[in-house]
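In the order they appear, the protein sequences are chains A and B. Residue numbering for the first sequence follows this note's numbering, starting at 1 and increasing by one per position. Residue numbering for the second sequence follows this note's numbering, starting at 1 and increasing by one per position.
No lab work stands behind these hints: they were computed from the structure. Certain hints may be false.
Below 20 Å or equal to it, Euclidean Cα-Cα: the simulated EDC-like pairs (lysine to aspartate or glutamate) are [what the hints assert, rightly or not]:
| # | chain 1 | residue 1 | chain 2 | residue 2 |
| --- | --- | --- | --- | --- |
| 1 | A | K267 | B | D121 |
| 2 | A | K123 | B | D165 |
| 3 | A | K80 | A | E156 |
Facing chain B, according to a computed beta carbon distance under 8 Å, are these residues of chain A, among others [said to hold, decoys possible]:
| # | residue |
| --- | --- |
| 4 | L38 |
| 5 | M39 |
| 6 | S48 |
| 7 | V104 |
| 8 | G108 |
| 9 | P122 |
| 10 | L126 |
| 11 | F127 |
| 12 | G188 |
| 13 | H343 |
Note that the structure is predicted; figures quoted are calculated from it, not measured. All residues carry an ideal CB built from backbone N, CA and C; glycine is no exception.
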Amino acid sequence: MLEIAIKGSKNYWLWLVFLLVVMGAGTIAYLDQFMNGLMTTGMSRDVSWGFYIANFTFLVGVAAGGVMVVIPYYLHNYEKFHRITILGEFLAVGALIMCLLFIVVDLGQPIRMLNVLLYPSPKSMLFYDMLVLNGYLFLNIVIGWKVLEAERNQVEPPSWTKPLIYLSIPFAIGIHTVTAYLYCGLPGRGFWLTAILAPRFLASAFAAGPAFLIILCYIIRKFTKFDPGWDAMQTLSKIVCWAIIANLFFFLCEVFVVYYSNIPGHKVHIQYLLFGYHGYTALVPWMWTSLTLMATGAIFLLIPQLRNNKTLLPISCAMIFFGAWIDKGLGMISGGFVPSPLHHVTEYGPTGPEIMITLGVYATGFLVITILYKLATQVKEEVRG
Amino acid sequence: MMENNRRRFLKVAGIAAIGLGASPAISFASSDAHGAAVAVKRKNKEALSAHRWGMVIDTNKITDEIVEKIIDACHKTHNVPDFNHEVDEEKYPETRPVNHKQEVKWIWEEEFHNAFPDKEDEFLAERFHDLPFLVTCNHCKNPPCVQACPTQATFKREDGIVLMDFHRCIGCRFCMAACPFGARSFNFRDPRPFVEEIDPRFPTRSKGVVEKCNLCAERLALGEQPHCVEASEGAIVVGDLDDPESEVRALLNEHYTIRRKQSLGTEPSVYYVM
Chain A
1 MLEIAIKGSK NYWLWLVFLL VVMGAGTIAY LDQFMNGLMT TGMSRDVSWG FYIANFTFLV
61 GVAAGGVMVV IPYYLHNYEK FHRITILGEF LAVGALIMCL LFIVVDLGQP IRMLNVLLYP
121 SPKSMLFYDM LVLNGYLFLN IVIGWKVLEA ERNQVEPPSW TKPLIYLSIP FAIGIHTVTA
181 YLYCGLPGRG FWLTAILAPR FLASAFAAGP AFLIILCYII RKFTKFDPGW DAMQTLSKIV
241 CWAIIANLFF FLCEVFVVYY SNIPGHKVHI QYLLFGYHGY TALVPWMWTS LTLMATGAIF
301 LLIPQLRNNK TLLPISCAMI FFGAWIDKGL GMISGGFVPS PLHHVTEYGP TGPEIMITLG
361 VYATGFLVIT ILYKLATQVK EEVRG
Chain B
1 MMENNRRRFL KVAGIAAIGL GASPAISFAS SDAHGAAVAV KRKNKEALSA HRWGMVIDTN
61 KITDEIVEKI IDACHKTHNV PDFNHEVDEE KYPETRPVNH KQEVKWIWEE EFHNAFPDKE
121 DEFLAERFHD LPFLVTCNHC KNPPCVQACP TQATFKREDG IVLMDFHRCI GCRFCMAACP
181 FGARSFNFRD PRPFVEEIDP RFPTRSKGVV EKCNLCAERL ALGEQPHCVE ASEGAIVVGD
241 LDDPESEVRA LLNEHYTIRR KQSLGTEPSV YYVM
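Just chain A, same shape as in the assembly:
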């Protein structure tokens, strides 16, 4: 089946070359970081996790969001999702590969990475995160590949894929829950120490993942002969709508609790993010942009006339996607570290090399997604034609 990936249009190859160039630039930046240490990043003693871990967290959500097409199709036999289920699964594969790469580039001693397996530590949440992330990646590769292969040969997928598909559902919920547990079980970090962190992560994941999927459907419609189906995209947009509303609601709950209880250790982080703290305001414009994007996107998707508008729909989805990215990618991690446990304020911003490495990881993920989507769309075109 892989032979499909080496036959493509000029645009397809140009896009792949572009991704490879970005990957190359990211690799050069990473080699410097590998040789000289994480000093090349904007991270510090006080803000010890930055852009890498933030993007990791966001992409775990995108990967988990794939389950929003799997559940309706496989559990509720929602036929309209038949064509896009594979897209959700392959999106998860690309997102998970990016997640794992972000973990690796964040390590101070990446060559010792396998110590996590050599000395398994069941008390550490990172141990479980490794298990569920790799498990979910494996499941999606196997399921996606086998189902697509069966479709190409116009036979039923092997029966053993069914239990794997059902297993992938709790895994999807699991990857984002455990990722939230990395943060929300830490006693000294008031911003993350909240039971609603995992539900909030899931809500934003179920908005960002399907929102991105809708945008990908538009791209597929433009560049291939395969049509994912307008009805499926409409249903997806309703899922995005309610998930982002849930995310905003959970955030509102958070804001109420910290301000009404007025407990300084919890309040101070949200104060820093939304209004600034002792004159430090680096993230304030970002956070308000994020909230505005998510809220406006939610309203656009809530009103049927606007949701049905084929020009507006991808814009609404992009707003929600970027809003959720800022919320998780910039606010969620930095916000937890500022102010520090000793109430010092050290602000964080990624450096040039850090951004380049991040782009390199994204390019790698997009390369994987492009190739997998090329296979999926071509097979579906063949079968229909």
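For chain A, the structure is supplied; the task is to place chain B on it using the hints.
Quick look at chain B alone, frame taken from chain A:
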């Protein structure tokens, strides 16, 4: 899983490090059968031991001068890099400029409201405002850093000391996020150009690993007091918190003491006499 020797070695309390002190900790004896050398572990008789090590800092006796002496003694003997140190260009050519936010420190000075942010009080007695408070790893009874570590590179020894295995650490910095006291530092770069004079009695670190105060475990093993205690002119005492007859317990009995962020339940082993 079999633990490797280095680690078992670190875990056994009161074993003097190889090549340190008068009595070697490991002596090599000939095996009868093959004549090969076999390493034998022997406990140093002079080693200081405790069921649970703790520290009492008398804030009344701490002055700015003593603070400086303590930090200096600790950081110099543990090869902690000083980013203000001028790099030897010949030995380390093309060293890039430092980012002071990425500094490494084991013990340092804070103001009261930073050391005890949950005890902030607008009517706090004036003398506390100006007092230097020394902060370091609390060697918690329930250390969140140990719980978070995915490789057990940081671990609590039987005598309560929380240690780092610099050679196992993968540099994920989960422990830094977990520590409520900001006690841990990450080597964002090779620290060696910033060590004025390397003390051969303690290992230097490589880039990419986390480090922190080790309560001078290597000194206790030799029967010596930690550097901070020696430099403190009586302001810092370490001893066995589980022994009612110990000096630290006597101090805790006689004075009103506080600990940092007690409400979090990590049970810090460092006490401050107010």
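Structure-based check of all given hints:
no. : hint            : result
1   : A:K267 / B:D121 : holds, 17 Å
2   : A:K123 / B:D165 : holds, 18 Å
3   : A:K80 / A:E156  : holds, 18 Å
4   : L38             : holds, 5 Å
5   : M39             : holds, 4 Å
6   : S48             : holds, 4 Å
7   : V104            : violated, 10 Å
8   : G108            : holds, 2 Å
9   : P122            : violated, 10 Å
10  : L126            : holds, 4 Å
11  : F127            : holds, 5 Å
12  : G188            : holds, 2 Å
13  : H343            : holds, 5 Å
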